[in-house]
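One line per chain: the protein sequences are W and Z, in this order. Per my numbering, the first sequence runs over residues 1 to 485. Per my numbering, the second sequence runs over residues 1 to 485.
Treat the hints with caution; some may be incorrect.
The list cannot tell twin chains apart, which means a pair is met if one copy fits it or any two copies do.
[Said to hold, decoys possible] With a cut-off of at most 35 Å between alpha-carbon atoms, the simulated DSBU-like pairs for lysine-lysine come out as follows:
id	residue 1	residue 2
1	K436	K163
2	K237	K7
3	K400	K436
4	K164	K464
5	K400	K464
6	K14	K370
7	K48	K464
Bear in mind the hints are in silico, worked out from the structure with no lab data behind them. Owing to the predicted nature of the structure, the values given are computational and were not obtained by experimental measurement.
Protein chains: 2
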Amino acid sequence: MEFDRVKDSSLREKVKDALTTVRDFFGDGVSVAFSGMAGTAVPKEIPKAIAEISKERGEGLDIRALLVAGTTTNSFEQCMSTAHVKSRYLIAGGGEMRERVNHGVIEFVDYWLSEYSQLVRRGVIPRGGLDIAVIEATYIDEKGNITPSLSLDCVPAMVQAAKKVIVEVNIRKPILNGVHDVYAPQPRTPIPIRDVGERVGAPYLRIPKSKIASIVISDSEEEHAAAYQPPTKLEEKIAQNIIEFLEQSGEAGENIVLQAGVGPLASQLIDQLPQKHVSVWTEVAPVKWALATEKIENMSTACLYTLKGEEKFRDEFYTRFNQLSNNIVIRPYEITNSLEVISRLQVICVQQAIEVDLYGNANVSHIDGKIHNGVGGSGDFTRASYITIVALPSTASAGKFSRIVPITLHTDVTEHDVDVVVTEQGWADLRGLSPKSRARLIIERCSHPDFVDELRKYMNTVAKLDAHAPVSLQAYETFLQNVKH
Amino acid sequence: MEFDRVKDSSLREKVKDALTTVRDFFGDGVSVAFSGMAGTAVPKEIPKAIAEISKERGEGLDIRALLVAGTTTNSFEQCMSTAHVKSRYLIAGGGEMRERVNHGVIEFVDYWLSEYSQLVRRGVIPRGGLDIAVIEATYIDEKGNITPSLSLDCVPAMVQAAKKVIVEVNIRKPILNGVHDVYAPQPRTPIPIRDVGERVGAPYLRIPKSKIASIVISDSEEEHAAAYQPPTKLEEKIAQNIIEFLEQSGEAGENIVLQAGVGPLASQLIDQLPQKHVSVWTEVAPVKWALATEKIENMSTACLYTLKGEEKFRDEFYTRFNQLSNNIVIRPYEITNSLEVISRLQVICVQQAIEVDLYGNANVSHIDGKIHNGVGGSGDFTRASYITIVALPSTASAGKFSRIVPITLHTDVTEHDVDVVVTEQGWADLRGLSPKSRARLIIERCSHPDFVDELRKYMNTVAKLDAHAPVSLQAYETFLQNVKH
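Model the full structure from these sequences, guided by the hints.
As structure tokens, then:
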């Protein structure tokens, strides 16, 4: 059974169980990178074995650096939290791992996805080098070519940087041949992509056999993405306002290239778009979109993920894979998030945020200094896109806090990159407006009625300061005082 | 005499004096864009005529939107301040113009240079369209091809967007044929540049003759760049620290591509670099570098500017133009600042800043909410570069203020894009470090001894907050109180 998926006979001797693999290769102080994004293609057996061995030893395995490629699954985070992780790169994780990051027990570093790939490739991170990359695959052919599952995320960079590679071949999934395009950017060479659907690389991964330390067969089911919730009325309204902006501003052509955000808002936006044909160029897309061939002409993504309750769409995608995979290209995010390609394709991007200030600066990663998830590809898309739309609900915690704030004390995306702000209240086209004019428009069109008065008061106070982009800590503290419940 | 420089006989009837030109084409409510960057190639006669007519009328000409391409000259700003300018794009200017921007009399909007070009091309800014582009040139050949002077800045985008173009042919300068490369990015098409010196476009501008409204002959001398001062010991030390970082981190290869910053620091850095051969890919370069052929292998820039006191270098460049122009390409900044090309060439960039916070966020444009110059191309280079070095003196106002601050209340470049911070005190390599580790390193290696204790106190206070990137307004205010002189 297991050799049906490992056709290269020279690699069969490397098939081992996960416990043996971890015992053989995970010495104390190891640095390890895992594939997977939005819960998709996150290795399943190695994390379980790490947890089991940690339990057996009575103390956690000592991991110098843990690299993930994106948001993971609850199981992954639970397993990895049994280990003593010293430093972690990208996405703080959930539960205990995130708490340790905020406590400062884990040294955590976040990067834009495109930058991350490059720093991993160049060996700049992790300091001291990468020992092991663990990646999920669905098939290894006669020549040793490896077919990944539904994510290519940071895989090529991790594989190149790692001294050893462990491949988890997941036999619960079908063999997913033909949907991938593996291309690595070369210095001083244009990336030759001119169209969302264009393939320019290989349909599989090639890894030097000497680098492959172990092949672990997995029969585990894919978990849904831990980071996203199902859509609500709020996302429906925000999506409607995004569409209204596109139409009224004249930017809603028939052939737009869209990065539609992630999670529930992304689902709503594609559902409601009146255009018959759109192209999607993004870092993560719900597998549901792979079925929406009447709406999505073609799609390029680093990952196809499954929202909770949407497993049936994934099953249908698997069943109709040969037909549906024609319109979809899964690429590593050094390509999907490439500044070069995003600029060239004139992408309209939707960036979600935790809060946005009156001039348009957005915080996408921190709440009161505590990391939430991470910045993801926000700096890639917002910087290089044709139009950047920052979309968010106008309030948080059941209306207790305004997400439109006088000042963001943590800024990930600056006002210079934000063209439009959208909430469920409305949209504000900020292009060509000075900071103070932006502020007036955001307050009047996007903020929640419960906070409009206090935001106006703040702005009236600082507007007297005789400055181009005035800020006042005192006025900000007055605002905080007045909106307290 | 004047027709020596306008060889196309069909264009000779368009040669007019500046006063007539302004009377004919500058109706009230006009929108106008001027070429020029770092004081170079800023039109001279039209601004003077605008000032003269404003004086004559007893009230200022009414200008709906004034677009400049970069920092200008004192004369330009003085002339334009005679007009009633409603809105201004890019670089707040000096003197009275800047004051009006901060007072809010002029609606001022700033963009990264690469973004600006694109928004002008697409007609997004200025709202209501661009009526006139005024550009400086040195020659028009028999076929009407136009040779610019030593800057291409935003010229192709402005010319494309404008309904009418006014060409100032400057006969005080030599004919500068052969140093330019005019190429416009096309949607869905790679920019084919693979090397700093590669030419991919035309050596001159082509403008539809029907668009040319007037040709004004100018015999005015070029002014030096208003924005920059000559170098001091401080810049010398900062440059030494940048070089020390490059060498100790192993990033100082023989073939590095450098964006060396602007003004006095840039001069110092190139002077002191031990490498025999470097390539320079930048938006503005001092004309002095054009003579440094033993050090600079080749150079690509949107503009060659002249620092005060360095006019002799420009004269030498003019004299040896045919030989020296072989190693230099002047491109529009939609190319020099293209995210695509900067990434591809793996540029090491030096970004100057007004202040930087303990996590690495940089403010490059505002002091207490008041605009200083503008963001320029900071977001282009810092985002796309291979390594981003933020360089600044550790203090301002003769040591009164620390430029290393607990919090930047205006952020243009976020921590995610800042790899290294350098002051005259030392350098901090922040790559792969968490926010709190970054803060410790910046305090210990880069801050001024007069402020180290208070910065440490701030950091010790917020470090107790149990957050990944803690901030505290209260601790910040205590810091401000304690460092007051």
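For this structure, which hints from the list above don't hold up?
Result: hints 2, 4 and 6 break, sorted rising.
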